[in-house]
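Once you have looked at the hints, place chain B on chain A.
The primary structure of each chain is shown beneath.
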Amino acid sequence: MSKLFLGPSMRRIAAAGLFAGWMMASPLAAAGDPAAGADVYKSECAECHAVKEGRNKKGPSLFGIVGRKAGSVTDYNYSDALRKTTWVWTAEQLHTYLSQPAKQANPGTKMKYDGLSDAKDLDDLLSYLSTLH
Amino acid sequence: MPSFLLRFAMCRPTHRSLWSGIALLLLMASNAAHAIPAYARQTGSACADCHAGAYGPQLTPYGMRFKLNGYTDTDGKGFKVPVSGQLTETHTAPARGNSTTNLTEGDLYLAGRLTDNLGGYVKIEADHTGHNTYNTKLSNVDLRFVAKELKMRGKDLTLGVSVNNSPGFQDPIAALPNAALIGPPGVTGTLLNPSSPNTLTDRVIGASVYGLYDSVWYGEVGTYKSLPTSQQDRLGYNINGDPGKLGDTGYFRFAYMKDLKRQFFSAGVVALTTKRQLPRSGPSDDLTDLGYDLTYQYLGNREHIVQASYVNIMERRHYGTRLLGPDGFVAPGRATVHDQTATLTYTFRQTYGVVLTHMLSTGPRDAVRYTPYGDPNATSNLITVFWAPFGKDDSYTTIANLKIAATWFRFTRFNGRYTNIFGAPPGALPTSAGDLNAFSVSASLAF
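Chains A and B are the protein sequences, given in the same order.
Quick note: the first sequence uses the UniProt record's numbering, first residue 1, plus one each step.
Quick note: the second sequence uses the UniProt record's numbering, first residue 1, plus one each step.
No lab work stands behind these hints: they were computed from the structure.
Glycine included, each C-beta is placed from N, C-alpha and C at the ideal position.
Be careful, since some hints might not be right.
Stated by the list, open to error - According to the in silico footprint, chain B covers these stretches of chain A (three or more CB under 8 Å from chain B):
1) 39-52
2) 56-70
Said to hold, decoys possible - Straight-line C-alpha distance at most 25 Å; calculated DSS-like pairs for lysine-lysine:
3) B:Lys80 / A:Lys112
4) A:Lys52 / B:Lys80
5) B:Lys275 / A:Lys112
6) B:Lys148 / B:Lys80
7) A:Lys103 / A:Lys84
8) A:Lys110 / B:Lys275
9) B:Lys155 / B:Lys258
Chain A with its partners taken away, still in its complex shape (with noise of 0.2 Å):
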């Protein structure tokens, strides 16, 4: 069976292609204003969560985090109750998490967070975290 061998200008051509499609396909990512979403993120996370690729804070980095497989990033040492999730933070899982106090959707979780109520900061912070690749 012959295999598909992809160079790596292609490998990342072919990236953000699925990129583009899953977004075109994500309604919660597309309806936020991604620059409103980054003062909601210096406000709501920055102090815990990075936007820089490999860089973790008490939190880890959120460089591509829509999208990834939740307890993925290899140098995070993250809680047993999120390593043991099959989440993958689609804009849709982020929004459910985001949305309630963090212990409440994963119980055992270490992050410290309350949720964020208001529907347009939570939109805005998902657009603006889609654009982190």
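Relative to chain A, chain B alone:
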């Protein structure tokens, strides 16, 4: 600092060259750092996460929580060496006297976590004392045991114990004078003020139990005793500044604090009561500090940060002896004095900032205790402009930090007046309050 202040205040005019030392010491206080790179290495956080200006000292709500959690928060990547250093070079131009440029301070910080429940902050400070000599002393100490993530009636609860050497230094809101590292200078002053004559700051040892309930209600109870003069001497302090012997000392703190992410506000009360023998072989004075503090922070998206605080501490004194003046006057047996500090800080992109501080030290007339005019009132201001280019998530380096600051310290009233504040006799050169002013430029490097 405060012991110098008292001595200088009582000096004859021939010693006026020393008065610039008052301003210098205040400037050093204003440049004190709390942004410790060892904490950044431990947590993976940027200095700017805990401090509004990336070099400190003004705390964000996140920084307050780090302090409340006993300096134990971590990024979970194993043990980090809890050691940092700081060097400060300062050019000082006093209103009267020669300008100087010196490496004014070198600090060693032992700061960080030992376990999930044990952490601390210890500062060892070497201050330039002239002629290329330095005096090394044990500065602030705050060692903590903390129990986190407890629950009471379904609400979050944090309980901890702090062992520290300055009442108020351990406070999370960091508005009280010992936590803000500055208080109104003058010839009288409260127990909680690090600028008071014979201050308790760094010369006592105490322990307190604190709790934070539901993330908003903060309470603390503790006690202190002064270090023996021999120990103060060994720790680098001149025994002329001895705070005296303390007995039946109690510290109480209660505050409401609300973190709204984009804003923060708090309101609190504080009390410190003691019986003090100063000198130690003398009679005992009953002293009780009662104070309140209000703070507000606009944090927004951290582009423009505005922080405001006001602290008013009243001290009631019942003197153990009746002093007799040279003209047969008897000094009052009771007095009430006040220390007030109002501070406004604006920070742009956590990099550029301006800090305005207005300080009042006031008390009743007392011709015996407060020579030459019987008026202890003093008014002063501290104005600082700073640049802190590093310490953010996207900074060139996260293992070191830099702050360049220009500070203007000014007195508008000392010993109750602006002119001839030390009562120089006719023919002698009088000193005005403005002669105590000073301007400085400093560069601080933390690593």
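Taking the hints in turn, this is what the structure says about them:
Proximity of the region 39-52 of chain A to chain B, defined as three or more residues with a beta carbon under 8 Å from a beta carbon of that chain, is established by the 10 residues found. Note: the region 56-70 of chain A has 3 residues with beta-carbon separation from chain B under 8 Å; the three-residue rule is met and the coverage holds. For the suggested pair Lys80 (chain B) and Lys112 (chain A), the alpha carbons sit about 23 Å apart, so the restraint of at most 25 Å is met. Between Lys52 (chain A) and Lys80 (chain B) the alpha-carbon distance is near 22 Å, which keeps this suggested pair within the 25 Å criterion.
Among the hinted pairs, Lys275 (chain B) with Lys112 (chain A) is inconsistent with the structure: their alpha-carbon atoms are about 44 Å apart, more than 25 Å. For the proposed pair Lys148 (chain B) and Lys80 (chain B), the alpha carbon gap of about 21 Å is at most 25 Å, so the pair holds. The hinted pair formed by Lys103 (chain A) and Lys84 (chain A) meets the criterion: a straight-line CA distance of about 15 Å does not exceed 25 Å. Of the pairs offered as hints, the one joining Lys110 (chain A) and Lys275 (chain B) is violated, with about 46 Å between alpha carbons and a cut-off of 25 Å exceeded.
Restraint check for Lys155 (chain B) and Lys258 (chain B): satisfied, since their Cα atoms lie roughly 15 Å apart, inside the 25 Å limit.
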